[in-house]
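**Q** Chains C and Y, in that order, give the protein sequences.
Read left to right, the first sequence gives residues 1 to 404 (the UniProt record's numbering).
Read left to right, the second sequence gives residues 1 to 241 (the UniProt record's numbering).
These aren't lab readings, by the way, just hints derived from the structure by calculation.
Computed from a predicted structure; not experimentally measured.
Backbone N, C-alpha and C fix where the C-beta goes; we use that ideal spot for every residue, glycine too.
Please note that a few of the clues may not be correct.
Not the full set, but computed from the structure, chain Y residues with beta-carbon under 10 Å of chain C [unchecked claim]:
| no. | residue |
| --- | --- |
| 1 | G27 |
| 2 | R53 |
| 3 | I62 |
| 4 | A66 |
| 5 | E94 |
| 6 | L142 |
| 7 | K188 |
| 8 | M228 |
| 9 | K233 |
With a Cα cut of at most 20 Å, we get these calculated SDA-like pairs of lysine to any residue [claimed, not checked]:
| no. | chain 1 | residue 1 | chain 2 | residue 2 |
| --- | --- | --- | --- | --- |
| 10 | C | K277 | C | S239 |
| 11 | C | K93 | Y | E230 |
| 12 | C | K163 | Y | R53 |
| 13 | Y | K233 | C | T116 |
One side only, chain Y facing chain C, incomplete, derived with CB under 8 Å [unchecked claim]:
| no. | residue |
| --- | --- |
| 14 | V98 |
| 15 | D144 |
| 16 | Y237 |
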Amino acid sequence: MANNGTGIRTRDQVLDREETRTKKTVVLDAVESLPNINGSLNPSYSSFSQTENVLSFSLLRSGICDLNRLQRIREMRDLQLPLNQTQKIRLRKALQQLQELASKASTSASVTVTDTIPVNHEDGVLKGHGTSELDGEVVATLCGVVERVNKLVYVRSLRARYKPEIGDIIVGRVIEIAPKRWRLEINFSQDAVLMLSSMNLPDGIQRRRTAVDELNMRSIFEENDVVCAEVRGFQHDGSLHLQARSQKYGKLERGQLLTVPPYLVKRRKQHFHHLEKYAVDLILGCNGFIWVGEHVERDNMVEDQETKSEQQNSKLNRRTTSLEEQESNYNLQEIRQNICRIANAIRVLSSLGFSLNVEVLMETVERSIFQNLDIHEMLGAEFFVQIAEREVERRISLTKKRKG
Amino acid sequence: MEYVSPEGLRLDGRRPMEMRQIRAEIGAVSNADGSAVFEMGNTKVIAAVYGPREVQNRSQQINDQALVRCEYSMANFSTGDRMRKPKGDRRSTEISLVIRQTMEACILTHLMPRSQIDIFVQVLQADGGTRSACINAATLALADAGIPMRDIVTSCSAGFLNSTPLLDLNYVEDSAGGPDVTVGILTKLDKVTLLQMDSKLPMDIFENVMQLAIEGCKAIANYIREVMLENTKELEYRRGI
Chain C
1 MANNGTGIRT RDQVLDREET RTKKTVVLDA VESLPNINGS LNPSYSSFSQ TENVLSFSLL
61 RSGICDLNRL QRIREMRDLQ LPLNQTQKIR LRKALQQLQE LASKASTSAS VTVTDTIPVN
121 HEDGVLKGHG TSELDGEVVA TLCGVVERVN KLVYVRSLRA RYKPEIGDII VGRVIEIAPK
181 RWRLEINFSQ DAVLMLSSMN LPDGIQRRRT AVDELNMRSI FEENDVVCAE VRGFQHDGSL
241 HLQARSQKYG KLERGQLLTV PPYLVKRRKQ HFHHLEKYAV DLILGCNGFI WVGEHVERDN
301 MVEDQETKSE QQNSKLNRRT TSLEEQESNY NLQEIRQNIC RIANAIRVLS SLGFSLNVEV
361 LMETVERSIF QNLDIHEMLG AEFFVQIAER EVERRISLTK KRKG
Chain Y
1 MEYVSPEGLR LDGRRPMEMR QIRAEIGAVS NADGSAVFEM GNTKVIAAVY GPREVQNRSQ
61 QINDQALVRC EYSMANFSTG DRMRKPKGDR RSTEISLVIR QTMEACILTH LMPRSQIDIF
121 VQVLQADGGT RSACINAATL ALADAGIPMR DIVTSCSAGF LNSTPLLDLN YVEDSAGGPD
181 VTVGILTKLD KVTLLQMDSK LPMDIFENVM QLAIEGCKAI ANYIREVMLE NTKELEYRRG
241 I
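Take these sequences, add in the hints, and give me the full structure.
**A** Here it is as structure tokens:
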């Protein structure tokens with residue numbers, strides 16, 4: 001193209017270009033009319049996106065700014081998949097169905113920043129999170145969904161950092177060891193604090209923590225360890241404290257940590273899941289950190305940690321351990337594969353933006369096994385589209401059940 | 001040089017009151033808490049927001065509000081001839097400061113004490129009006145990151161060439177050396193948070209030019225809100241029950 005300098009076009013060039021563009025549209029339309037031939041053989045992604053650009057260009061030039069048509073359908077946030085023509089259409093259709101279902105089912109209203117939230121002032125209003133008052137009106141300060149509980153009106157934000165609530169089960173990563181405490185990264189606006197005194201010692205005895213315990217803190221958690229704990233509450237200085245006063249909490253080993261947006265994990269009764277079929281532990285942390293790891297018998301954990309700390313204390317010992325012994329410490333290949341499979345299922349679901357729970361997750365995993373997919377194939381385009389379609393079916397059946 | 005032809009068209013074929021094509025997209029950087037791409041014609045800007053997160057430098061921690069930081073940079077390939085200078089020159093430090101102050105005015109910082117919010121904006125294609133585009137992109141990225149805001153800040157520039165007020169100057173018009181007014185407003189509160197001008201203008205004309213820029217800001221705000229609402233709805237319906 002004849003551009004001068006920084007890509008600024010003179011008027012004649014613009015007009016010139018417009019002409020060529022309209023021509024191109026016609027040609028591309030012709031290509032599009034044979035989607036299957038084109039699509040099944042090779043991904044026609046490039047030609048498709050080109051047409052869209054041309055479309056948006058001409059629309060704007062003619063002054064019609066229809067947002068819905070203009071906006072490219074954004075399939076996913078993290079994964080960039082080469083979808084072919086048919087897959088694109090299928091995915092688009094599935095997402096459209098989801099949208100229709102959601103609009104039918106719920107009466108909830110989405111708002112953006114500065115939108116006025118309609119309220120009945122006669123009943124009295126309690127303004128909650130994400131709202132403020134402006135000229136006697138309740139105004140949203142976040143993008144999200146309006147929730148009403150009796151008089152309380154608040155905005156539930158979607159893509160935001162984790163907001164802790166007391167009793168939440170979370171997974172975090174140790175980033176610093178400070179006097180009598182560990183600092184954990186938990187996707188909150190501050191680092192959380194886990195006090196040495198608010199966790200059970202490995203020997204399981206209740207007693208005062210001594211200076212020796214403090215010196216041995218690294219034998220419990222080191223930097224970069226992944227830890228599971230519970231939210232204890234905010235201290236009066238505003239810092240967030242955690243506790244780990246049970247065998248089920250503690251260090252997590254031999255597995256994968258995944259991070260998803262926290263709004264995808266719902267607060268439930270159960271966050272620890274032992275998937276017996278796969279010999280895998282799954283922890284859905286409320287903060288969007290998800291742990292998939294080898295199953296550990298929690299009753300034996302005390303012993304495990306003891307033996308481990310012994311090992312760590314005597315570094316000489318560790319050096320003398322033979323290769324074979326080290327190998328036996330690794331988990332079985334089968335279990336490792338299961339872990340990866342579950343992790344990939346989580347990746348697919350979260351990049352589609354579907355909420356995560358064990359049932360859906362297990363269904364996804366089983367589907368992949370049923371189809372004899374390799375683990376890496378789970379992140380491919382075909383499986384991705386299938387999961388979207390499956391979710392549509394699932395939600396349709398759910399709404400039917402509710403009605404019936 | 002003639003910037004407005006006798007037929008009333010500008011160098012790139014626009015009318016004096018016409019804005020360039022704008023396009024915004026939320027979610028361009030997967031690792032960031034919030035991100036957006038904003039385009040005004042050939043100007044293209046990407047913004048990423050990290051935070052609220054733990055303050056990196058403890059001595060900067062503020063006990064009753066969040067610390068807002070901003071970094072503006074231009075990609076080496078963004079201008080016509082490849083830029084050789086490394087980042088950190090005077091111009092980009094100044095623009096970083098301007099963006100930081102503008103965004104700080106709209107973020108409800110008191111809700112996130114002892115934390116820090118980092119805004120990174122980078123110009124991918126520069127064709128005039130980069131600071132306006134950066135502010136618009138930053139607003140979108142902040143909203144995507146779920147950071148509470150008082151209002152939506154949008155920004156737009158306007159100029160005065162060939163005795164005609166022109167909206168949304170591009171690079172050629174910008175480098176003509178005429179007056180260039182960049183305005184940032186809080187749309188709902190109708191308040192000005194940013195006002196910069198190069199060169200001089202008579203008082204009465206200035207008011208016209210500024211009014212034109214404000215109209216531009218409002219048009220951008222409408223578009224931005226549409227994009228945000230669309231994005232929120234999509235997230236919500238995808239999540240399901």
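**Q** Find the hints from earlier in the document that the structure breaks and name them by number, from lowest to highest.
**A** Hint check: 3, 5, 10 and 14 fail, others pass.
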